[in-house]
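Peer 1: Below, each chain spelled out in residue letters.
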Amino acid sequence: MVTRELVIVGGGPAGMAAAVSAHENGIKDILLIERDQYLGGILNQCIHTGFGLSYFKEILTGPEYAGRFINKVKDMPGIEVSLKSIAVKLTKDRIVTFLKPGKIETVKAKAVIMATGCREKTREMVHISGTRPAGIFSAGLAQKLINIEGLLPGKEVVVVGSGDIGLIMARRFVLEGAKVKAIVEIQKETRGLLRNMVQCVEDFDIPVYFSHKISRIYGKNRVEKVSVVRVDNNFNEVHGSLFEITCDTILMSVGLIPENELIETAGVIIEENKTSAPGIFVCGNSFKIYDTADSVTEDSFLTGKLAADYVLS
Amino acid sequence: MAVRKLTCIECPKDCRLTVDIENFKVVKVAGNECPKGEKYAISEVENPARILTSAILGQGLELKMIPVRTDKPIPKSRIFEAMNEIKKIKVQKPLSAGDVILKNFLGLDVNLVSTRKAE
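Residue numbers (the numbering used here), protein chains in the order written: chain A, 1 to 313; chain B, 1 to 119.
Rather than coming from a laboratory, the hints here were simulated on the basis of the structure.
Every value quoted in this text rests on a predicted model; they were computed, and no experiment measured them.
Hints may contain errors.
[Claimed, not checked] Here are the simulated DSS-like pairs of lysine-lysine, each with C-alpha atoms no more than 25 Å apart in a straight line:
(1) Lys144(A) - Lys117(B)
(2) Lys144(A) - Lys64(B)
(3) Lys5(B) - Lys144(A)
(4) Lys144(A) - Lys87(B)
(5) Lys155(A) - Lys117(B)
(6) Lys36(B) - Lys179(A)
(7) Lys36(B) - Lys84(A)
(8) Lys103(B) - Lys93(B)
(9) Lys103(B) - Lys188(A)
(10) Lys64(B) - Lys181(A)
(11) Lys93(B) - Lys155(A)
(12) Lys5(B) - Lys74(A)
(13) Lys72(A) - Lys88(B)
(14) Lys121(A) - Lys72(A)
(15) Lys155(A) - Lys103(B)
(16) Lys144(A) - Lys25(B)
(17) Lys87(B) - Lys117(B)
(18) Lys57(A) - Lys93(B)
(19) Lys179(A) - Lys88(B)
(20) Lys155(A) - Lys76(B)
(21) Lys103(B) - Lys88(B)
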């Protein structure tokens, strides 16, 4: 079996920072596994500004922030990057199995860092009744369709929830010529950053309904309309407050969940950036959901050092 | 004198600004944790501007969409005009992050630049 000092799963901001940090702390035999054909992870589709303020002390877009780390990784001879490689199994004794086009590979590592990011919550997780037509997207999927694939997924949009990606995508749809008819948030205030309420929502006069929720989705093949209802302090529907909004697209922006499937199936429990299995570490959004990529970077630098210290001890 | 409440958008700290305005000019800014807040308040009241980001079509390159930005903020009132121009652009030649795609974009003394490498 192939052996490595350190295997890192995930080549987004967390995995790249962990690799750079481990290399700087003395590990020169690192394998960085990334399922996409590029490093950078979700940063590649986050084409808006707001990255890098704390780490680089300047305002960068997601691809620029990723690009700087991609260059750092490339300049470090002890980091080997394996693209189009998806990890499918992790064991407690640090054996990682991954698929790449045409092959299955197994590697035994002295230490493993899981930097697998997070997933978006779906419609099913917030229990919206109604039909199941086409036209319901998570905000991040719509972001990928527009910014990476060059496809506009709809013309009349309702955003459910006011997370940062939802606010940013509301602006993105407006810039691309679609109409954003409403942002519907069950809480009394935004879950996103206020700066995004200003530059994404207020700048474009997008209506926001706080203390409201979508009570039903209508549409046979494609989304046709939603019904919206006000909620009280206990999130119960207020009788008589129901109204409808016609739309062809619904974006879900209702939160993120750390992606830890491989860690869970390995029977390992996360304890801060370490785990119950010696030598297995976790960082970035797969550890916990951070507000900014800069915070993910900071967390992952720390974890890269922890892993390096473990390997060298 | 008019007083405007603003939220600074220069960083994720979300500083709440109180801005005193006389004759459409900012005379005092309070609530900002750093000098960027004062600069933002003056711009927001006297000449609101934003960095615009979008993506342009690549032809024959490894990326179908190449992300772009203005290298400086442009007036808010020109954003849709700028988007109309951005939608017309197609690029065939390889780009590095930071390469200028359009110089003096809309005559505004800003450049439209690529934010990602595309070969």
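Peer 1: Within a Cα-Cα threshold of 25 Å, do Lys121(A) and Lys72(A) meet the stated pairing?
Peer 2: 32 Å, violated
Peer 1: Assess, step by step, whether the Cα of Lys155(A) is no farther than 25 Å from the Cα of Lys117(B), and give holds or violated.
Peer 2: Measuring from Cα to Cα gives roughly 30 Å; hence the hint is violated.
Peer 1: For the pair supplied as a hint, Lys87(B) and Lys117(B), is the alpha-carbon distance within the 25 Å limit?
Peer 2: 19 Å, holds
Peer 1: Would the pair Lys36(B) and Lys84(A) pass a check requiring their Cα atoms to be no farther apart than 25 Å?
Peer 2: 42 Å, violated
Peer 1: Can the restraint linking Lys103(B) and Lys88(B) be considered satisfied, given a maximum Cα separation of 25 Å?
Peer 2: 15 Å, holds
Peer 1: Given the hint that Lys72(A) pairs with Lys88(B), does the C-alpha gap stay at or below 25 Å?
Peer 2: Judged against 25 Å, a Cα distance of about 34 Å means the pair is violated.
Peer 1: Does Lys144(A) pair with Lys64(B) here, judged by a C-alpha cut-off of 25 Å?
Peer 2: Cα-Cα ~12 Å, so holds.
Peer 1: Tell me if the straight-line CA distance from Lys36(B) to Lys179(A) falls inside 25 Å.
Peer 2: 32 Å, violated
Peer 1: Quickly compare the C-alpha distance for Lys93(B) and Lys155(A) to 25 Å and report which way the hint goes.
Peer 2: 32 Å, violated
Peer 1: Assess, step by step, whether the Cα of Lys155(A) is no farther than 25 Å from the Cα of Lys103(B), and give holds or violated.
Peer 2: 32 Å, violated
Peer 1: Does Lys144(A) sit within 25 Å of Lys5(B), going by the straight-line distance between their CA atoms?
Peer 2: Between Lys5(B) and Lys144(A) the Cα gap is close to 35 Å, so the pair fails against 25 Å, i.e. violated.
Peer 1: Within 25 Å, alpha carbon to alpha carbon, are Lys103(B) and Lys93(B)?
Peer 2: 16 Å, holds
Violated hints, in rising order: 3, 5, 6, 7, 9, 10, 11, 12, 13, 14, 15, 16, 18; the structure is consistent with all others.
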